[in-house]
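As a plain string of letters, each chain reads:
Number of protein chains: 4
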Amino acid sequence: MTLAALIDDLVSANHILYNEGVVDGFGHVSVRHPERADRYFLARSIAPAVVKREDIMEFDLESDAIERGPRPYLERFIHGEIYRARRDVHAVVHSHSPSVIPFSVTGTRLQPIFHLGGFLGAGAPIFEIREAGGPETDMLIRTPDLGVALASTLGSAAYALMRGHGSVAVGVSLKQAVFRAIYAEVNARLQANASRLGEITFLNAAEAANAAATNDQMVDRPWELWKKRVSGS
Amino acid sequence: MTLAALIDDLVSANHILYNEGVVDGFGHVSVRHPERADRYFLARSIAPAVVKREDIMEFDLESDAIERGPRPYLERFIHGEIYRARRDVHAVVHSHSPSVIPFSVTGTRLQPIFHLGGFLGAGAPIFEIREAGGPETDMLIRTPDLGVALASTLGSAAYALMRGHGSVAVGVSLKQAVFRAIYAEVNARLQANASRLGEITFLNAAEAANAAATNDQMVDRPWELWKKRVSGS
Amino acid sequence: MTLAALIDDLVSANHILYNEGVVDGFGHVSVRHPERADRYFLARSIAPAVVKREDIMEFDLESDAIERGPRPYLERFIHGEIYRARRDVHAVVHSHSPSVIPFSVTGTRLQPIFHLGGFLGAGAPIFEIREAGGPETDMLIRTPDLGVALASTLGSAAYALMRGHGSVAVGVSLKQAVFRAIYAEVNARLQANASRLGEITFLNAAEAANAAATNDQMVDRPWELWKKRVSGS
Amino acid sequence: MTLAALIDDLVSANHILYNEGVVDGFGHVSVRHPERADRYFLARSIAPAVVKREDIMEFDLESDAIERGPRPYLERFIHGEIYRARRDVHAVVHSHSPSVIPFSVTGTRLQPIFHLGGFLGAGAPIFEIREAGGPETDMLIRTPDLGVALASTLGSAAYALMRGHGSVAVGVSLKQAVFRAIYAEVNARLQANASRLGEITFLNAAEAANAAATNDQMVDRPWELWKKRVSGS
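Heads up: the sequence lines are chains P, U, V and H, in that order. The working numbering numbers the first residue of the first sequence as 1 and each following residue consecutively. The working numbering numbers the first residue of the second sequence as 1 and each following residue consecutively. The working numbering numbers the first residue of the third sequence as 1 and each following residue consecutively. The working numbering numbers the first residue of the fourth sequence as 1 and each following residue consecutively.
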């Protein structure tokens, strides 16, 4: 895949995440530079649905822009510090996906309720910004230190919640990170609805791992649909 | 009805199921060959919303493709084994319809809450893959044996849930199977919402059977609407 | 208003009720003949969203078609018997509006939770078909006697629920009946959501009556919007 | 910003509030005259989604129209009395936003559950019209006195609920008032969903204030998206 095609996919990912209800006017998605592991691409500070090729900026792992340019996202450290901590990660989605947030502020663990949520494994960890940033933050990951703390909570997981804020989904590719961001939202909606019907039988650890491995081979199928929807063709 | 018209209806059924919120990037629908009861038609491994005529493949009841072709769905055995077990069935929908899944993982039985859910009869049976496949599957019906077990759970019913996965709807025709897939989703949403208001009076056995018999005469009416919506005319 | 304009409004009402989520492939709306109180207009048996001028039929209060024509709705007696019992009523909507059905099958009374639901007064009565039709019906109002019984449950109310089936909304005009069908659905959704937050303060009898009287002067405002949406202009 | 551009923004705000699900056929938004603090602009009595430039009227703080014109909103006193009481306020949104209403009629306080709801501070006050208007109103703010009472309940807050009716959002600009109207609705939906999962950790006072201060710098980002959606470009 050429760099130009990757940037096109990043633009599509922005539009897809809006169209599928994961981001609204806020949220962002990045991809690691395919040839320079110490760099990543992310849009300037703009709503994902309106991102164009020319809005994509390049950053180093300090989350400094490589070239002087327009205002970047305040929370770009989410991306830089996860790329630094996780060499396996090549794409990061940050969102305020609505069905997920209730799980970030209550004692209920977000767990895989169906095979497409298998990547949630034993349940999504929750980042409490008060632990790293104290009780008087504005909730945002606006410093490298907060980014490091978030990456530490994420650990080796595919998905982490951020209390009173949102979530991060990571993947080995843009398609996988987008898949996880979308199906974490679906899983959360299903789990919230199921929780009022009775006690839930979640996927066990083996089922979750096996389902996730199968789904990892399937990410092209929904991506084709999602891309078609945003391209209007 | 010519074979060409039936294939056109199968393509429409794929689009309708997406448009009405029953399938997303995953899920599939098949129809039995009208002249050869030991064969059925099903799309290649692709999102239902983007299926075209040329994506439709023909399978025997072993779920082997009649002609060498593109990659088929892993779970085509759902279709083949139900057609083998149920001579009355001429169409099968498999989906992860969102309102239905909570009923698959809790102790709450999906029952007919209004006349359009009459086909649910005494309540939908639930397929637990751990019984046939053990505790470490990837949740998918990826073998003939799992297909046989699912067909056995379905028995003579119109609809069955699959724990932590989704459901199957069957019918004597494409229109009836699609009707059932759509109204099982509606019925599930109504039942979940009603369950928090108080104890529910469901249709009794006679009401469910009589309503289902009436509705079976009505499947053309919503189909005309659903088809118009996907054809954009 | 000419008869032609009234029929145009009836066609619009069909489309509006679909577009605003009150009817799906099923449900119907009628209007009394402006010059002959013993007749009414109703579409042939067809999904509301696809109704055209030429689908409108004229019926007497026996619900017999004035002219030999296509198949009418099985449940046309809902309309005929309400027009017979209620001289003040000039339009009737029958639907399976989703948020309303849970109230028809549980002990929770549908009551005015906000000013736009004022027409619900002291709460909507519930028609139990088992009382008039016994325990083995198909749930449908398929006879004049069942229509009479439904009209009797409705009494002088603006809205009545039908257990395990749906509802009827009536009005002095098409616009008012459509307004009530739409806002009963909204009110039901709000009430169901509020019921899980705590005990609800409903509008009292005076507030409900006064709000309803004010809203009756306002039906043109949303109608203009709803009509614009279905006309695509 | 010229007056013409401000009026254009007011028209856009009307369309945005409909498109984002805050208003339906009812509700209204106003902006204070930028050069005359004792005047404001508000549409004539019409559904927000269909407002055009020529529907915008100018009012004094008595909520009398400056020029003889078409019928104004019955509830224009909401706007006039808030502008009189709050010199810092330059825009007011009144709506029946659906997720918010359940909080107006139950004992549950609407509180900031995530950073974008920070403007809710310690929780939204609730206006009970029975206190100012007695037990037999039609629920509407149809007099100056009721407007004064509502403004008094609002106090120095950004948002207030109106029991059995709706809400008001205010801001230093149109963009801020629209932002608050939209995110109050989102926050309410999240809070209602979270309330069934367990006890909620809300933003504390410092987090709410700091998040609100940050968001106040961000209102252009979603506005650009919302405007693009209604302009169809």
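Mixed in with the good hints there might be a few duds.
To be verified - Taking lysine to aspartate or glutamate pairs in the EDC-like style, the calculated list, with each CA pair at most 20 Å apart, reads: (1) V:K227 with V:E67; (2) H:K228 with P:E54; (3) V:K52 with V:D38; (4) H:K52 with V:D8; (5) P:K52 with H:E224; (6) P:K52 with H:D220; (7) U:K228 with V:D55; (8) U:K228 with V:E54; (9) V:K228 with H:E54; (10) V:K227 with V:E62; (11) P:K227 with U:D55; (12) H:K52 with H:D88; (13) U:K52 with P:E224; (14) P:K228 with P:D9; (15) V:K52 with U:E128; (16) U:K227 with V:D55; (17) H:K227 with P:D8; (18) H:K52 with V:D220; (19) U:K52 with U:D9; (20) U:K52 with U:D38; (21) V:K227 with H:D55; (22) V:K52 with V:D8; (23) P:K227 with P:D8; (24) P:K228 with U:D216; (25) U:K227 with U:E62; (26) V:K52 with U:D220; (27) V:K228 with V:D8; (28) H:K52 with H:D8; (29) P:K52 with P:D8; (30) P:K228 with U:E54; (31) H:K228 with P:D55; (32) U:K228 with U:D9; (33) H:K228 with H:D9; (34) U:K52 with P:E54; (35) V:K228 with V:E67; (36) V:K52 with V:E67; (37) V:K228 with H:E224.
Bear in mind the hints are in silico, worked out from the structure with no lab data behind them. These figures come from a predicted structure and were not determined experimentally.
Checked hints:
For the hint pairing K227 of chain V with E67 of chain V, the CA-to-CA distance comes to about 30 Å; that exceeds 20 Å, so the pair is violated. A threshold of 20 Å between alpha carbons decides the hint, and for K228 of chain H with E54 of chain P the separation of about 18 Å falls inside it, so the pair holds. Distance check on the hinted pair: K52 of chain V and D38 of chain V sit about 23 Å apart at the alpha-carbon level, beyond 20 Å; violated. The suggested pairing of K52 of chain H with D8 of chain V is violated, with an alpha-carbon distance near 26 Å, which exceeds 20 Å.
Distance hint between K52 of chain P and E224 of chain H is fulfilled; the C-alpha atoms sit about 14 Å from each other, no more than 20 Å. A hinted pair counts as satisfied when its Cα atoms are at most 20 Å apart, and K52 of chain P with D220 of chain H qualifies at roughly 17 Å. Straight-line distance between C-alpha atoms of K228 of chain U and D55 of chain V comes to about 17 Å, which keeps the hinted pair within the 20 Å bound. With a C-alpha separation of about 18 Å, the suggested pairing of K228 of chain U with E54 of chain V holds against the 20 Å cut-off.
For the hint pairing K228 of chain V with E54 of chain H, the CA-to-CA distance comes to about 18 Å; that is within 20 Å, so the pair holds. Straight-line distance between C-alpha atoms of K227 of chain V and E62 of chain V comes to about 31 Å, which puts the hinted pair past the 20 Å bound. Using a Cα cut-off of 20 Å, the hinted pair K227 of chain P and D55 of chain U holds, with the two alpha carbons roughly 19 Å apart. Simply put, K52 of chain H and D88 of chain H have alpha-carbon atoms about 27 Å apart, too far for the 20 Å limit, and the pair is violated.
Annotation: proposed proximity of K52 of chain U to E224 of chain P holds, straight-line Cα distance about 14 Å (limit 20 Å). Annotation: proposed proximity of K228 of chain P to D9 of chain P holds, straight-line Cα distance about 12 Å (limit 20 Å). Distance check on the hinted pair: K52 of chain V and E128 of chain U sit about 48 Å apart at the alpha-carbon level, beyond 20 Å; violated. Restraint check for K227 of chain U and D55 of chain V: the C-alpha separation of about 19 Å stays at or below 20 Å, so the hint holds.
Of the supplied pair hints, the one linking K227 of chain H and D8 of chain P is violated, its CA atoms being roughly 24 Å apart against a limit of 20 Å. Annotation: proposed proximity of K52 of chain H to D220 of chain V holds, straight-line Cα distance about 17 Å (limit 20 Å). With a CA separation close to 11 Å, the supplied pair K52 of chain U and D9 of chain U stays within the 20 Å bound. Using a Cα cut-off of 20 Å, the hinted pair K52 of chain U and D38 of chain U is violated, with the two alpha carbons roughly 23 Å apart.
Distance hint between K227 of chain V and D55 of chain H is fulfilled; the C-alpha atoms sit about 19 Å from each other, no more than 20 Å. This hinted pair checks out: K52 of chain V and D8 of chain V have alpha carbons roughly 9 Å apart, not beyond 20 Å. Simply put, K227 of chain P and D8 of chain P have alpha-carbon atoms about 11 Å apart, close enough for the 20 Å limit, and the pair holds. About 35 Å separates the Cα atoms of K228 of chain P and D216 of chain U, which puts this hinted pair outside 20 Å; it is violated.
A threshold of 20 Å between alpha carbons decides the hint, and for K227 of chain U with E62 of chain U the separation of about 31 Å lies outside it, so the pair is violated. At most 20 Å may separate the alpha-carbon atoms for a hinted pair to count; K52 of chain V and D220 of chain U meet this at roughly 17 Å. With a C-alpha separation of about 14 Å, the suggested pairing of K228 of chain V with D8 of chain V holds against the 20 Å cut-off. Distance restraint check for K52 of chain H and D8 of chain H: the Cα-Cα separation of roughly 9 Å lies within the 20 Å cut-off, and the hinted pair is therefore satisfied.
Taking the CA atoms of K52 of chain P and D8 of chain P, the gap is near 9 Å; set against the 20 Å cutoff, the hint holds. Restraint check: the Cα-Cα separation between K228 of chain P and E54 of chain U comes to about 18 Å, which is no more than 20 Å; the hinted pair holds. Between K228 of chain H and D55 of chain P the CA atoms are separated by roughly 17 Å; this keeps the pair inside 20 Å, and the hint holds. A hinted pair counts as satisfied when its Cα atoms are at most 20 Å apart, and K228 of chain U with D9 of chain U qualifies at roughly 12 Å.
Restraint check: the Cα-Cα separation between K228 of chain H and D9 of chain H comes to about 12 Å, which is no more than 20 Å; the hinted pair holds. Taking the CA atoms of K52 of chain U and E54 of chain P, the gap is near 35 Å; set against the 20 Å cutoff, the hint is violated. As the CA atoms of K228 of chain V and E67 of chain V are separated by approximately 33 Å, the hinted pair breaks the 20 Å bound. Pair hint K52 of chain V plus E67 of chain V holds up; C-alpha atoms about 18 Å apart against a cutoff of 20 Å.
As the CA atoms of K228 of chain V and E224 of chain H are separated by approximately 25 Å, the hinted pair breaks the 20 Å bound.
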